[in-house]
Structure formats: C-alpha cells, structure tokens
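Let the sequences and hints guide you as you build the complete structure.
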Amino acid sequence: MNSSTGRFLVIIPAYNEEAAVGHVVEEVRRHVPGAPVLVVDDCSSDATVLVARQAGAQVLALPNHLGLGGCVQAGYKLAYELGYDYVVRVDGDGQHDPECIPTILETLRETSCEMVIGSRFVPGGGGRTSVARRLGIIFFRLLLRPILGKTVHDPTSGLVGVNRAALSVFSRSFPLDYPEIEALVVLQRKAFQFVEVPCRMRPRRAGKSTITALKSIYYVLHVMLGVFVNVLKYDGPRRR
Amino acid sequence: MDRLMDVVSLFSIALIVTVLISLRRAHIRVEYSVGWLAAAVLLLLLSRSVTALDWLAGMLGAGNPALALLLSSFCIFLLLFYRFSISISKLKDANTALTQRLAILQHQIETLHAESKTPGQDQD
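Going down the list, the protein sequences come from chains A and B.
Under numbering that gives the first Met the number 0, think of the first position of the first sequence as 0, with each following residue one higher.
Under numbering that gives the first Met the number 0, think of the first position of the second sequence as 0, with each following residue one higher.
Among these hints, one or two may not hold up.
[Stated by the list, open to error] Derived DEER-like restraints, expressed as beta-carbon distance ranges:
#, chain 1, residue 1, chain 2, residue 2, range
1, A, G55, B, R23, 55 to 63 Å
2, A, V219, B, D1, 44 to 52 Å
3, A, Q192, B, I20, 57 to 65 Å
4, B, R24, A, R29, 55 to 63 Å
5, A, Q192, B, V33, 43 to 51 Å
Just so you know, these hints were derived from the structure itself, not from any lab.
What you are looking at is a predicted structure, and each value in this text was computed from that prediction instead of being measured.
Just so you know, even glycine gets a beta-carbon here, dropped at the ideal spot from N, CA and C.
If you want it as structure tokens, here you go:
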C-alpha cells in the first residue's frame, strides 16, 4: 500500500464462513486502514462471497473446492502476479486477532526473515488451546526442531506474513493439505528464515473446526509424511 | 486346483470382454485400458498353462501353483492400482492449477471491468 515500505496485501482464506468473514474483514480494515483485503473463497455453498464483498474486501472465488492449501496458494499466486511485496494471511473464522498484523508487517520489513509467524506461545502471545491440540503442537515442535535447526513455538499457526521471496516459492510450490507445518519445511529447503512474534488467538466466531478427533490422527500422519517427503525432496541448489 | 484355474480363466475372459465393451462405449480411455487388458491376458495365460504356473511357483518359492496364481494376481492388480494413484495425483495437481488460474483470470477480468467504469482509480 505504501511504495516506500513495500506494497502489502491481507489474504483471508474462507470456506463457508458467512457468519464470521464479514467481521474479520472489518477488523482487518480497522487495524490496518487502507490495506487491500482479499478473501479467497474456497467454493463456499453459503453467502461468504457476498458478505466479504459487502464488508469491503475483494474476492478471489475458486470455482472448485481445493482445501486450505490450494485456497491459500491461489491468494499467494494472485499477490505475486500483482507485484505485492508482503502478504499476511489471516483465517476467515475469526480466530486470529488482526491487531497483530501491523507487528507482523513491521517485522517483515525490518528483518531479513522471509516469514513471520503470529505465535500464541512466545512471551506476549496467548489464547486458549485444547489439551489435544497443545499435545500435537508439542509433538510437531519436537519433530521440527532438528529439521529447522531452531524451535518453532507455534508450528500450526495460520497467522503468517511472507515477503516476496517466500511468495515466489509458495506461488509455485505449496502444500495442499494442512499446509502450515509443511510450508516451514519448504522454506527451510530454500534456506529461508522465519521468526515468531507474539499474537493472541481467540475461539472461532462461528462454525466448527474441520479437524475432528478421528481426523486429527490422520492429520498427524499426513503432516509427518509431508514433512518427511519435503525433507527428502531435492528442489535445486539452496540459497546461500 | 483345476476349478481355481477355470475360475481365474473365466474371470480373465470376463475382464477382457468388460474392458472391450467399455472401450467401445468410450467409458474408458485407450491408455487406461491397456493395463487392464494386459493384466487379464497374463492371468488367462497363467491359468491355462500348468508348466508356466509350476515354473512361477518354483521362482516364488510358493510350493503350491494355486498360491503362486493368487500371489501373481494380487501383485498385478496392486501395480495397476498404484499406476492409477499416480494418474489421479497428476490430475488433482492439474485440477488445482486450473482452478486457481481460472479464479485469478476471473478476478482480473472483474478488476478490469471495475477500473474501466471508474477510470483513474488505483486497485489499492
């Protein structure tokens, strides 16, 4: 939005979030006045597109349901093609507090990190997390520690900001299912850096999480396999 | 044993006929029918040739030709399913890329329309 500090875009992936997405867009616009907001609608069957437009967002409407990864990547592709320098992703269910967006953008601009993660578990962050989810987060934290060479406190956080270098990578290669953890490994393969900033997470405003108890087992196995495959994958020489 | 061989032969012939009918009705593409036809013909040959089956049982260390026949059928269809998993994965990737491209083009058309209605206004 500002040519001296780089143009940025806020993307909000949404699937059947008519009850929450309007409020999320309004909150983003309140905390980051003048920021272009793009809702990426994953072929919702409810009024998500209409509500998002009424709240003042642009809408990228996918004609087929792709799942979270495909939906986020569509937003990254458009942002990359339109020449944006930074993109911040905020989920459409209202769990992420948009108050953190300026901090994420400031960190992206002032550090050499390609990705900034809004984290519940660094000092200053917060939010209620179920015991099962917390255990999962601890498990992935331990799994990722040797791969990334540093601890990522909140590896499942979807509140992330990326710069143009990461945008370039993600617009070409992005995990299609449960993308947050695998995306970290994709970045690591390119020797990119990330940092966490404290953010608050809230209960979702409406609807239910798509990850049920049974799916959470599949989630863990799927992500572990995805991480393993990404570690093995040779994707050209690493950046020095 | 003879009955098992006959059952496998009948199954193979039924599979060949089904695939040919599907081909004729354009329900299956030629490239995907080749694998099924090859598998069916191979099973038919094995079920009709005791010498070949004995040799296969010796090679696999199965001891029993019937077990060798079942094992080879299982392996043949496992390979076919794996090949289809690869095809489905490629189709899913292509579908994802097409869906994203279509949405982006649609978005750009809408943006151009909006800009042509309000000239001089920047997208940001």
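Hint by hint, here is what the structure shows:
no.	hint	in the structure
1	A:G55 to B:R23: 55 to 63 Å	56 Å, holds
2	A:V219 to B:D1: 44 to 52 Å	50 Å, holds
3	A:Q192 to B:I20: 57 to 65 Å	59 Å, holds
4	B:R24 to A:R29: 55 to 63 Å	60 Å, holds
5	A:Q192 to B:V33: 43 to 51 Å	49 Å, holds
In terms of the numbered hints stated before, the structure departs from none.
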